[in-house]
Amino acid sequence: MSCGVLAIAEQVNGVFRKVTYEALSEGRRIADGLGCSLSVAVLGSGIKSNSESLGKYGADRILVADDALLEEYMTDTYTNVIAGIVSKEKPCVIILGASSRGRDLSARLSARLDSSLAMDCISVRLDAGNVIVTRPMYGGKILAELTLEGEPRIIAIRPNSMKIAESQKAGAVEVITADAGVTALKFVEKKLETGKMELTEADVVVSGGRGMGGPDYSSIENLAGLLGGAVGASRSAVDEGWRPHSDQVGQTGKVVSPNLYIACGISGAIQHLAGMSSSKVIVAINKDPEAPIFAKADYGVVGDLFEIVPLITEEIKKVKGL
Amino acid sequence: MKEEQKLEVIVLLKQVPSTESFVSISENGLSVKTDDVKWVINPYDEFAVEEALRIKEAHGGSGSVTILSVGTEKAVEAIRTALAMGADKGILINDSAAYNCDGLQTAKILAAAIKNMPFDMIVAGQRAVDGDNYMVGSAVAEFLNIPAVTMVMKETIADRKITCSRTVEGGTVVVEAPLPALITTQRGLNEPRYASLPGIMKAKKKPLEIKSLKDIGLDAAGIGGSKTKIISLKYPPERKGGKIIAGETAADKARALVKALHEEAKAV
Numbered sequence: 001m002s003c004g005v006l007a008i009a010e011q012v013n014g015v016f017r018k019v020t021y022e023a024l025s026e027g028r029r030i031a032d033g034l035g036c037s038l039s040v041a042v043l044g045s046g047i048k049s050n051s052e053s054l055g056k057y058g059a060d061r062i063l064v065a066d067d068a069l070l071e072e073y074m075t076d077t078y079t080n081v082i083a084g085i086v087s088k089e090k091p092c093v094i095i096l097g098a099s100s101r102g103r104d105l106s107a108r109l110s111a112r113l114d115s116s117l118a119m120d121c122i123s124v125r126l127d128a129g130n131v132i133v134t135r136p137m138y139g140g141k142i143l144a145e146l147t148l149e150g151e152p153r154i155i156a157i158r159p160n161s162m163k164i165a166e167s168q169k170a171g172a173v174e175v176i177t178a179d180a181g182v183t184a185l186k187f188v189e190k191k192l193e194t195g196k197m198e199l200t201e202a203d204v205v206v207s208g209g210r211g212m213g214g215p216d217y218s219s220i221e222n223l224a225g226l227l228g229g230a231v232g233a234s235r236s237a238v239d240e241g242w243r244p245h246s247d248q249v250g251q252t253g254k255v256v257s258p259n260l261y262i263a264c265g266i267s268g269a270i271q272h273l274a275g276m277s278s279s280k281v282i283v284a285i286n287k288d289p290e291a292p293i294f295a296k297a298d299y300g301v302v303g304d305l306f307e308i309v310p311l312i313t314e315e316i317k318k319v320k321g322l
Numbered sequence: 001m002k003e004e005q006k007l008e009v010i011v012l013l014k015q016v017p018s019t020e021s022f023v024s025i026s027e028n029g030l031s032v033k034t035d036d037v038k039w040v041i042n043p044y045d046e047f048a049v050e051e052a053l054r055i056k057e058a059h060g061g062s063g064s065v066t067i068l069s070v071g072t073e074k075a076v077e078a079i080r081t082a083l084a085m086g087a088d089k090g091i092l093i094n095d096s097a098a099y100n101c102d103g104l105q106t107a108k109i110l111a112a113a114i115k116n117m118p119f120d121m122i123v124a125g126q127r128a129v130d131g132d133n134y135m136v137g138s139a140v141a142e143f144l145n146i147p148a149v150t151m152v153m154k155e156t157i158a159d160r161k162i163t164c165s166r167t168v169e170g171g172t173v174v175v176e177a178p179l180p181a182l183i184t185t186q187r188g189l190n191e192p193r194y195a196s197l198p199g200i201m202k203a204k205k206k207p208l209e210i211k212s213l214k215d216i217g218l219d220a221a222g223i224g225g226s227k228t229k230i231i232s233l234k235y236p237p238e239r240k241g242g243k244i245i246a247g248e249t250a251a252d253k254a255r256a257l258v259k260a261l262h263e264e265a266k267a268v
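Chains L and F are the protein sequences, given in the same order. The first sequence begins at 1 in the numbering used here and counts up one residue at a time. The second sequence begins at 1 in the numbering used here and counts up one residue at a time.
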């Protein structure tokens, strides 16, 4: 029986998101386990030469749909093109990042193809040909293992949860004819903050909560900046209007799993803990020694964050030889 | 100014355990215990109810807002709350064959119910905070063959077109769709109103229909089998935590912390 794994790349202005490499690396592992090949679909405009690099992450074939109509992600055009590729290639597994775009695309695609879909997967394993995924539910309070039935199965992986592994394959670029089809959606404009580190992809997240006492996050921004990380916030800080909604970490915000999470002035409500407890190392800085966050933190510092955070920043500079 | 055309708006609503709830796994290891949890409207659906009411109000107020839910008898409470906020009528699909459906099956049920209803707009939560599937809204739109815009922070409707600002990593994208269309909500879209006391009184008399799958022209075969099967539920690994950095002064603590992060955790 023929089979194949299809990864879907995600690029913005010709640059691949990190989760694309995670999806490819995991897709390679699945393909090896099933004894089949890995293809990657790249959609966009003027992206052919950039796509060649994807062979490095284990793609046997790189299917490029290059069309002016695909310059911006639109649910309908992208779904049409991917559905076309699926009907031709008949993959048994489709893997992509569960970014805002990936979630939008995978949900629509699953309904179009009448396919099983598991969102935000944090691990994938094979068991006698079955594909078994682990994904969080209830904002991370529960981890569910699921089997996905039928083909293709769509696996949307949570950013920052899979290892990126290089394994050079042939990775020949094949330009495919894409039928973007009829489109109801019209792109108007995009406003992207350049240089802003995306919370869900950051290796380090420094978050501030109610203890910040106001919208001045400069001490946190300095520390995050030094570590090449992103700034997050608790729900109460967002509700106070100190930080934008897009910075909120928690069950009703973003779930993050960085290498290092530093919670400053955050007491640790259950909803916040759900959003960050899969981080590898957690540091909590809080005045209140009884704050529940300390029970989840690998390292706790009891004290005034306004005093301690700048001192930590200085110490890290020393360690880094700056 | 010409009279804006009235708009019929449908809200997809799910009742879920409140986010403050501790969720515990049943003895069978395949479901969660629901006896002791506090049930609420899914927070993202609350934004959807509010946005639907604002859409109706912005278009002369003569349209209607219909709440549509799939759930058990208990979900009536959540629908009544939405009616108390100002929605006009509610429909609950309560059928034992619809219990424990996955996202795709739920979307098939909702789409089948909507097929026989007049509508200009559907508003849904981006996800329900129990299953966290981010799936039902988009799938309903696909089954109804209408455009969907997900994670909407802001919308305006004019001349049978909706212009939406949707959040993406690092910013926003503005897209336009012709009506009828479906949108899903993002935090920041609005501040949901509370149900007023007169609203609560009025809600008791508002129409709330309870339907079976047969009533909407479906049967168990029509929704197909579940394509995702839970084989186990577990709690995430318990974090040990609790190591408090000692030190006389703030500077001592900062130094000790960075030393531990650098040498022990290798995190900086």
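For the record, the hints were derived by calculation from the structure and aren't laboratory data. Certain hints may be false.
What the hints assert, rightly or not - From chain L, some residues computed to sit far from chain F (all C-beta separations above 10 Å):
1) T75
2) C92
3) G150
4) V175
5) E221
6) Q248
7) S267
8) G300
9) V319
To be verified - Just so you have them, the derived chain F footprint on chain L, three or more residues with Cβ under 8 Å:
10) 22–34
11) 181–193
Unchecked claim - A short list of chain L residues far from chain F (calculated; beta carbon distances all over 12 Å):
12) L69
13) A144
14) S167
15) V173
16) G213
From a predicted model like this one, the values you see are computed outputs, not experimental measurements. The beta carbon of each residue, even a glycine, is placed where N, CA and C say it ideally should be.
Hint check results:
no.: 1; hint: T75; verdict: violated, 6 Å
no.: 2; hint: C92; verdict: holds, 14 Å
no.: 3; hint: G150; verdict: violated, 5 Å
no.: 4; hint: V175; verdict: holds, 26 Å
no.: 5; hint: E221; verdict: holds, 16 Å
no.: 6; hint: Q248; verdict: violated, 7 Å
no.: 7; hint: S267; verdict: holds, 14 Å
no.: 8; hint: G300; verdict: violated, 5 Å
no.: 9; hint: V319; verdict: violated, 5 Å
no.: 10; hint: 22–34; verdict: violated (count 0)
no.: 11; hint: 181–193; verdict: holds (count 10)
no.: 12; hint: L69; verdict: holds, 14 Å
no.: 13; hint: A144; verdict: violated, 5 Å
no.: 14; hint: S167; verdict: holds, 25 Å
no.: 15; hint: V173; verdict: holds, 26 Å
no.: 16; hint: G213; verdict: holds, 17 Å
Violated hints for the displayed structure, listed by number in ascending order: 1, 3, 6, 8, 9, 10 and 13.
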